[in-house]
Structures are given as C-alpha cells and as structure tokens.
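J.: Each chain, written out:
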Amino acid sequence: MSHSSSPPPRSRDASEVSFDFEEQVLDNGLRVVLHEDRAAPIVAVHLMYHVGSKDERTGRKGFAHLFEHLLFQGSEHVAESEHFKFIQNAGGTLNGSTWFDRTNYYETLPSSHLDLALWLESDRMGFFAPGITQEKLDNQRDVVKNERRQAYENRPYGLAFETVLRMAYLEGHPYRHPTIGFMEDLDAATLENVHEFFDSYYGPNNAVLVLAGDFDTKDALRRIDRYFGEIPPRPRPPPVEVRPPALDGERRGTIEDQVHVPRVYLMYHAPSFNAPEFETSDLLSHLLADGKSSRLHHGLIYDKRIAGEVHAFTWPTECAGMFFVVATARPGVSAESLEEAMMEAIAGLGGDGLNEDEVEGARNRARRALVQQLNGIGERADAFAHAAVLRGEPAYVNDAFSRYREVTLEGCAGLAGEIFDDDRLVSLHVVPSPEDSEAE
Amino acid sequence: MSTAGALDRTRPPPSEELRPLELPFFHRFRLDNGLKLLVAENRKLPEVSLRLILEAGAAAERPELGGVAELTGRLLSEGAAGRSALEMAAWLDRLGAAFGASVGYDVANLSMHFLSDVSDGALDYLRAVVREPAFEEEEVARVRQERLDEIERHLDEPAVLADLRLIRTIYGDHPYGRPAGGEPETVARLGAGEVTGFHEDQYLPDGAVLIACGALDPLAFKDAVALRFDDWTGAGGISELPPPSSEAPAGGLLLVDREHSAQAEIRVGRIGMEYGAPDFFPATLANAILGGLFNSRINMNLREDKGWTYGARSSFGFRRSAGPFVVSTAVESAAAAGAFREILAEIRSLVERPPDADELRLAKNALTLSLPRQFETPSLVTRKVATQQIYELPEDYWETYVDRVEAVTPEEIVEAAGSRISAESMTLLAVAAATEVGPMLEDVGDVRVENAESG
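Going down the list, the sequences are from chains A and B.
Residue 162 in my numbering sits at position 162 of the first sequence, with consecutive numbering throughout.
Going from the second sequence to my numbering is simple: count from 1 and add 1000.
Hints were generated in silico from the structure; no laboratory data involved.
One thing to keep in mind: the hints can contain errors.
[To be verified] A few chain A residues that don't get close to chain B, going by computed Cβ distances all over 12 Å:
1. P110
2. N139
3. E196
4. S200
5. E277
6. E309
7. F313
8. L349
[Stated by the list, open to error] To give an idea of the chain A side of the interface with chain B (calculated C-beta under 10 Å), a few residues:
9. I42
10. H77
11. R148
12. R243
13. P245
14. D248
15. I255
[As the list claims (entries may be wrong)] Below, computed lysine to aspartate or glutamate pairings styled on EDC-like, alpha-carbon distance capped at 16 Å:
16. K292(A) with D1117(B)
17. K1044(B) with E16(A)
18. K1364(B) with E1436(B)
Glycine is no exception: its CB is placed at the ideal position from the N, C-alpha and C atoms.
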C-alpha cells in the first residue's frame, strides 16, 4: 500500500464544513477512501468503476448499464438474487447506477455487517465470471428494455434528453447517446460481450472504493486488503477520447409527444465537472431557476405567466460539460415564444445585469443544498467517489464549500457571456402531437 | 497477500455485534397558546431541519371546496407581513433557506431547512407565512391557475393517471376517492375568501406541533419560537374523516385507454387500513413479504423471473382513516394479462400459507435493522417524529418499534393478509392502449373501458 494524503482540518462553523478522510492505494491499484464518522452505527460502502456509456462501442449502446444489472445477478460464491437479499436481510439499502463516465455500486447497512458488504463487492469484482449465464443475460435484457419503456418511452417528454444529445454531438462522439441505450443494441448483446467488458473495465485498478461511517480506519483498511488485495489488476483499454464538441452554430429541432403543453430544452456546451469554472457554471443554474426569486421563476412564471415549470442545471460530466435550461409552457403558449423569453432571461445574466444581492443569495442556496446533500453517509460516500474518480481528488468534497463561497459576480457575468453563445446552443422543442392538441 | 489464505469466500461473513441505536433526545415544551415544541440538538453539521405540523390537511376541508387546503399551503409564502410575493421570495432566497408546504389528507406539513447561521431569519420568515399571509385576490387567482395547469400537466403521466383512476374506483364518494390537492372543478371555485377562511379556521397553535432538529440550543430555540408565536391563539380539533365504507364493491377490471402507450401501467388495489390499527404490524410484514422490498414475491416473480417489468411493488397508504393498499407496476403491453394473473396468484398464496422462516426473518430485519438509517439526518429525524405525532402513536413508539415487529407471528401475518389484502376484494386497473391489451384482458375479468382524456 502507498499512503498519499493527510486529513484536512475539521471545523463546524457554517462557513467551513469539512470531512476527515484518508486515501490509500492497494498494491493491485484499487484506490480506497476512508471517511470515519461514528455518529450512527451504520456504514456506507461505495464502489465506483471508471467506466460508463462513453466507453461503449458502436452497436452496443446501453451495454454498460445492462452490465450493471448483471452484476447484481450473483458471482462465484453468491447465488442468483442473493445479493439484494443479503443486504436487505441486514437492514441495508443498496443500488447501482450507470452514467456517461462511471458506474457505481453501493450499499448502506449496519456497521456490524461491514464485512458482508466487502465480501459481496469483492466477490463480484474478483469472481464474477463463473456466475453469469445466458439465462441471466436474457432476463436482465428484458428488465432493461422495460426500464427504457417505463422511464423514457412511456413518459411525457421522456425522449427529449436523448434527442438533445444526438443533436449536440457529432456521430461517433462518446456522449452522443443516452446510458439507457437502444433496443436493437440491447438485443445484440452477447455473453462474450459480457466477459470482454468485465475483463476490460472491472479490475481493481479501474475502481475507487469509498467507506463512510462507523468503523476504525486502520481496522477497515486491513479488512479491505483481506477481501480485495488478492484480486489481480488487469490491463484497461486506453480511455476513449472525448473531443470538445463542435461549436459551429446553433442546432434546432422539434419532436412530438403525447403531452398537453410544449416544453423547451436549451442545452449549452459548458465547463465540465473538472473545469475550474464548474462551480461558477453551477451557480448560474441557481441564479436562473433555484428559488422563486430566480430569473426564470420571476420572469416566466410570475411576471409573464407563460411557463408552468422552469429548471436549470449542470451535468457534472468528466469531459465536455452540459448546461440545461428547461421550461414547460402554460396552455396556449407556443414553444417559440417560450424560448424567446428563456433566451431573454439567460441573456440577462451577462453584461452588468446581475446584482451582488442575488449572487450572494445563490451562493447561500448552493451551500445550503450542499450541506443537505452531504448530511447522510451514503451521499457523502457518493460525493467522495465522484471526486476521486472524475477529478482524481477526493478532497474536492471539502473544497467545494469554499469554492462556491468564492464565486464572484464578475465571474458569473463573465462565464455567462462566454457559454450562453448561439454557437454553443442546442434547442429542442417538444410539442403536443396533433391528435393530442385536438383533445384539448 | 499474507491474509488471503485465511479467507473463506464460500459463505457470508457473520455479523458482528450490533451497536444499539441511540434515538435522538427530544426536549418537549408547550407554549401558553398550546403549541407543542419538540426540539433535538444535533451539531454534526451546521444545519437545522424544522417541521410545523398543522391540522390543515384535506380532511379539514368541505367537499365543495376540495383543494383549498393545498391552495392555502401554496399561498402562505405568496405575500405576507407587508411584503409582496416577490419580496417574500427574495427574502427566503437571500437566506438560502428552503421552505415547503406539503399538504396531504391528514395534515399540512410546513418544512424548512437552513444553515444554522440564519436561524433567526428563518424563524422570522416562518412567523410571517404562518401568522400573516396576505392572500391577496390577485395572487390567489394566479396560484389557482398555476395549480389548474399543473393538474392537467400531471395527467400526461400514465402513473399519475393510474393512481387517480384507481382511488376514484375504490373509494367512490369518500374524500380518499379524490386527490388530496383537489380536482379542477372545485379548485376553480376557490378565491381569497375561501383560502382566508380555511387559514383562520385551521392554522391554529393548540393542536399544532413544531419539530426541530439540528445545530441549535434547545432552550434558546424554544425562546426564539415563543418570541415569534406567543401572540398566536386558537385551538383546532383533530381533522379526521369517516371510515370509508367497507361495503365498497371490488371494482372489476378497468382499462383506461391511452393510445400509443409503450407499456401497460398496472394497479391492483383496494381499501387498506389506518395508521395504528391493531393489526398494523402484521399487515406491514405481510406487505414486506408480498411486495414491499426488492426481494418480495411480486418483484421476484414479475421482474427477476419473467423479465416483464423494471419493477413491481406494493404498499399501504397509512393515514388517519383507511388509506389504500396498492400493487403498482408497469409491464410490457403483451404481459398485461399475465401480470394481473401473477399478482393475484401471489396474493392468494400469501393468504393460503404462512411465510417460511427465512422470508419472515428478511421482512422483520428489513424493518428493524434499517432504523439507524431512518434516523440518520436531521430531516429524517423530524420526519419520523412527525409520523409519531400526526398519528398519535405512543411517545415511546420508535423506542419499542423493534419489539413490536419481532412479536408478530406467521399466523398473525396470514390473518392480516386475509382481511387486508385478499385477492377477491381487489380492483384491477391498467392504463394502456386498449386496441393492444383490451382483447387479452377479457380472460382476466369483465373489462370496462374508459378514455384517458375524459373524466
């Protein structure tokens, strides 16, 4: 093991929240982050692999997520459907998720069962292959196809994001498709693909293991080494190249859906989670749509009364970043006039349109939200894992509080001027299909 | 690796000693006006979670004014204490605090979350919205229209449509047959007079309870609340609805026709039970075995065996009167009939024979060993205590919870399942494309077709 960090200072002042942690790397390359917090007798175990939908090859879109499902189907020493059962039987909660850049597996359970979680996670990292069968693949393929139907196809506006991605990126770009993937690609997945994918991306040297909660750090490290230390590292394919998006003029599109009112999705190419301006970019989303005094609430819902809902958010991607502004029209309002008002509100953030008071409010809201997000050990483990995997620095979890506090009005205005540019814009209108409008 | 040889991977490692859960200690106060205060100190992070529970839910409204409780909750912050709606928004947003009014059938739950350095400002804000909301006609008209738009938008969601049509079918004219937020016909009638009247009658201190947990000093916090709320007077009774008619007929099979559906949204439901019923714990365990957990029978069957769905679950909606019991899932359209048959078969088998020891252990553990998680953060703690208060559960409810669960026998579970979840009393409902699933459902029951748009 190699030792590589010292815990930051601790404080309980509202302006300085900080969580002690220790970082280690096992001989096999598994990076471990340990955050001891003995307040409640529970522990969060979070394993994040540095692989996501961006690593999928052509014709296998959705595979990383399908694979995530398979990892819950047992391994050499864990029978089918036992994984969930063991954790629930211990009073724990568990899940996994797949995104562009990473896939995670996590559970929070009584600290008396820490070894159970380590046993389960190490078994599927080290001994997955013998457990997988064609039958399990076929079953989970059906489950995932139904997930796509339920969460996307049968949901109002459910295909908007994948349409925006297709418009935003050129053919072949790793962010061009959604993690859920496509039916024909899911159908095409084979057992051989499963084994290849596992061998390529699921070695200990491609993962970060975070423990947060009730344990003794030294003792936990010994346990981790016992369960994970013997799993050999495996060569990983070189990371896919994420080219900066082509900023060659705005892209526009319209799709129809079974909905009562139009919704407008605006996406701007923006700083990624790794960029120094990420917090500023995120704060712009608070200024636009967090709270009833925010620009879009005030302008579109209160003053003009043309929108029913407004949202603005950043996607904390590893590479090319995305900033979304989404508004749903009130009945009788066209997508075009809604978009015009959105653009006007967005433009208001640049130049000298902002005032110090609203920026201070946005900083306060962002920091409060951060405290609320991190008050549970499960979310804290997740934050450490993202910081470690995507930024290579778990300490970012602690730095974030001061980074948000230090965002300035000038920084906001400058970044707004830079990213809210027509050449970076993707605009999608989702409108009621003719038969649905007739039903009005 | 020096220790690898000693590791036996063939069986799960045994549990170590379980550290006992220490529930947060709540200081209890009562102001002269009857307002109850429950305050717990937790200085882990510089945050405070606060909930004010008021007897101002939908159960307190007259049927012809359905939705007035919800609308009142939304309007509290739209102008108050001499400040306009925009000034109120700017005030809250500058504090960085979060405020929400969640109005259900039973109560109104005003919740706040803020950093402890703005506690005084947050309490000032709370006083303004609770004691001095303006309810100006213009703002009432605006928020009412927002609400009507929202009701219409939500009907685009097949899951929302399914839930609404189900409760209407199983509860008929009982208030639980309508959404807690009201229906367009009654919401459209509401004006400043109705909202002001509801607020005057229901937003009263005697009977209300304020719960707080976080980085605060309990005594100082009590004084800070008293300073702002001691001029508030009035007592409200507990708003409780009559029990739903046990005569309500099983609703047969309702098919809500939604053209171009990519799936069938499925519900199987009936009138369930109230919080604190004598067989509450056996019924809760019966549900955990049937559909309350990932490993429950219905999900293992429909998802992990058949692959028909992303997930299937069941739940009781526990309220002061008998809320619904509902099995919910969304399945590929071709599996709609099969899903109904399998769900009913699982319900029958639960009633026919006691769960085996492993199943019962899993269900009990999932309820009891999860308690430390459920009390982890200030927001979770105030939510748990709110439940105990709203349903007038014993003061030591959470302290004795584990023992109550452990005491349940397999026979009691079968009995509770028989009286609370029997297959014969169920209403079946699907939101799906009728042309696609209509014919196959004829083998399941007598199909009644409704349109997704009408009604």
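J.: Hints first: check each against the structure and report whether it holds.
T.: Verification of the supplied hints:
1. P110: violated, 6 Å
2. N139: violated, 5 Å
3. E196: Answer for E196(A): holds, closest chain B Cβ roughly 23 Å.
4. S200: Nearest chain B Cβ is 24 Å from S200(A), so the label holds.
5. E277: Answer for E277(A): holds, closest chain B Cβ roughly 22 Å.
6. E309: Incorrect as stated: the minimum Cβ-Cβ distance to chain B is 8 Å, not above 12 Å.
7. F313: Holds, since 16 Å exceeds 12 Å.
8. L349: With a cut-off of 12 Å, L349(A) remains clear of chain B, as the shortest Cβ separation is near 16 Å.
9. I42: holds, 5 Å
10. H77: Cβ of H77(A) sits 5 Å from chain B, so the hint holds.
11. R148: holds, 9 Å
12. R243: Since the shortest Cβ distance to chain B is 34 Å, the answer is violated.
13. P245: Because about 30 Å separates P245(A) from the closest Cβ in chain B, which is outside the 10 Å limit, the hint is violated.
14. D248: violated, 34 Å
15. I255: Where the cut-off is 10 Å and the nearest Cβ of chain B is about 14 Å from I255(A), the hint is violated.
16. K292(A) with D1117(B): violated, 22 Å
17. K1044(B) with E16(A): Holds, at about 13 Å.
18. K1364(B) with E1436(B): Status violated; Cα separation ~41 Å.
Checked against the numbered hints above, the structure violates hints 1, 2, 6, 12, 13, 14, 15, 16, 18; every other hint is satisfied.
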